[in-house]
Amino acid sequence: MSGWDKFVETFFNAKVMVKYLPDILSGVVVTIELALLIVVTGLGAGLALALLRSLAIRPLNWLIVFTVDLFRSLPPLVIIVLMYFGLPYAGPAPSGFVSTWLSLAFVLMAFSEEIFWAGITSIPKGQWEAARSTGLSFGQTLFNVVLPQAFRLTIPPLTNRTIAITKGTALGTVVAVTEILGQASSAMSNSYNPSPLMMGAAAYVVLFLPVVVAARWIETRFAWKR
Amino acid sequence: MVTNHIVDARAIHKHFGTLHVLKGVDLKVDERELVFIIGPSGSGKSTLLRCLNRLEEPSSGSIVVDGIDMLDAKTDINHARRRIGMVFQSFNLYPHMTALGNVTLALRKVAGKGRAEAEALGRAALERVGLAERADHTPGQLSGGQQQRVAIARSIALEPRVMLFDEPTSALDPELVGSVLEVMRGLRESGMTMIVVSHEMGFARNAADRVVFMDDGLIVEQGPPAAIFENPTQERTRAFIGQIQRH
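Chains as they are written, first to last, in my numbering: chain A, 873 to 1098; chain B, 334 to 580.
Hints listed in this document are in silico derivations from the structure and should not be mistaken for laboratory results. Every value quoted in this text rests on a predicted model; they were computed, and no experiment measured them. For each residue, glycine too, the CB sits at the ideal point set by N, CA and C. A couple of the hints might just be wrong.
[Claimed, not checked] Part of the chain B face toward chain A, derived, beta carbon under 7 Å:
id	residue
1	R415
2	N425
3	K442
Excised from the complex, chain A in its bound form (with noise of 0.2 Å):
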């Protein structure tokens, strides 16, 4: 047997990989249904918060800015693995599926927040100032004025950091999530076996690609002729 016959037959092994697909289908559904929460979940609250801070209220903005800092410095997995095995002690007692999604949430919304802050901020003020001369409200203004060229800004780092945290659905193999790294993982050990690893791999390049050229199309779609 050649070295790429045995390569093939390690990490491509058809007959593994028939019979652990559905496990790893299974996984790819879990995923999308994380992925879709945390997206969801984590940039409506981060633009909530970046909504908030426009209002320049000082104490809250103290602790928004708190908030997001602690969310951006802490590492994904510490934050899954103290809601799984921490919370309970204080009461609540998350599932696996439910601590991945609010840490990643938060982490998400951590991050886009800022993203959505300095789209925000980087809008010159005569825009604000034309545009409440000509009696729109505050609110009329950032939603009318501000926000649609603030999103055009935010939305190359916006889907860099979605896809990325999104990722991070693997990280709930920890708290025995049965998502696409979990299934392949298990089916690993049980068949001795990689090939479900590659499934599990080609399972996220399938998921992610689209996502990625959405982002690619969103982007030509907001940007205005200059």
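Chain B: place on chain A using the hints.
Showing chain B alone in chain A's frame:
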């Protein structure tokens, strides 16, 4: 507060930290009057203008525009600002909208017009500044002079009672200044009350009813353009006029 003037600002003071930018300025403007404010940079003329629609919060004083007490906490400032158009040195058009979008935004959101009515009014305003055929262009596709005219259209579409111009031609290439001044002249002829901070002395001479000279946070002297330009009574005015006319 009873007043016969459409703009009645009294004893306006403005501090920026330790900087005393306005030191008790009174400015009264009659309806249909065109008042020019000139003065060296840092004299407080732009700050005064920005206090009138409260883009800048005066430290003390009173401001009444068209019978509305601008500094009263009970005044709906957004409603009041609708009656006071403002044009900026840097145009400040919304880059993500077309010219028509720029003009119709406040018509829809502030004046509460429906889309069709707002667009009709918006197109009429663009027509008035000579840019009807540019309605669907974005600011990036327009020259500086055209952008400033769209900015003027954005203000006049709301049918303001007073228009404030903050150095409207200072950011323009010389060959584009004329088109903006032309629009301003048209506005004046239609009877618009205008307060203009600018160094377009030729325009001031021809079109202004009154020239106000400011220096160091105070109004030093004011009067008809001919008097201010030919026979200033104050030494500081004379020095300033002399300087700008040397160029």
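Each hint, compared with the structure:
1. R415: With a closest approach of 4 Å, the R415(B) hint holds.
2. N425: It holds, given that the least Cβ distance between N425(B) and chain A is near 4 Å, below 7 Å.
3. K442: Given a least distance of 5 Å, the restraint on K442(B) holds.
The structure agrees with every numbered hint stated previously.
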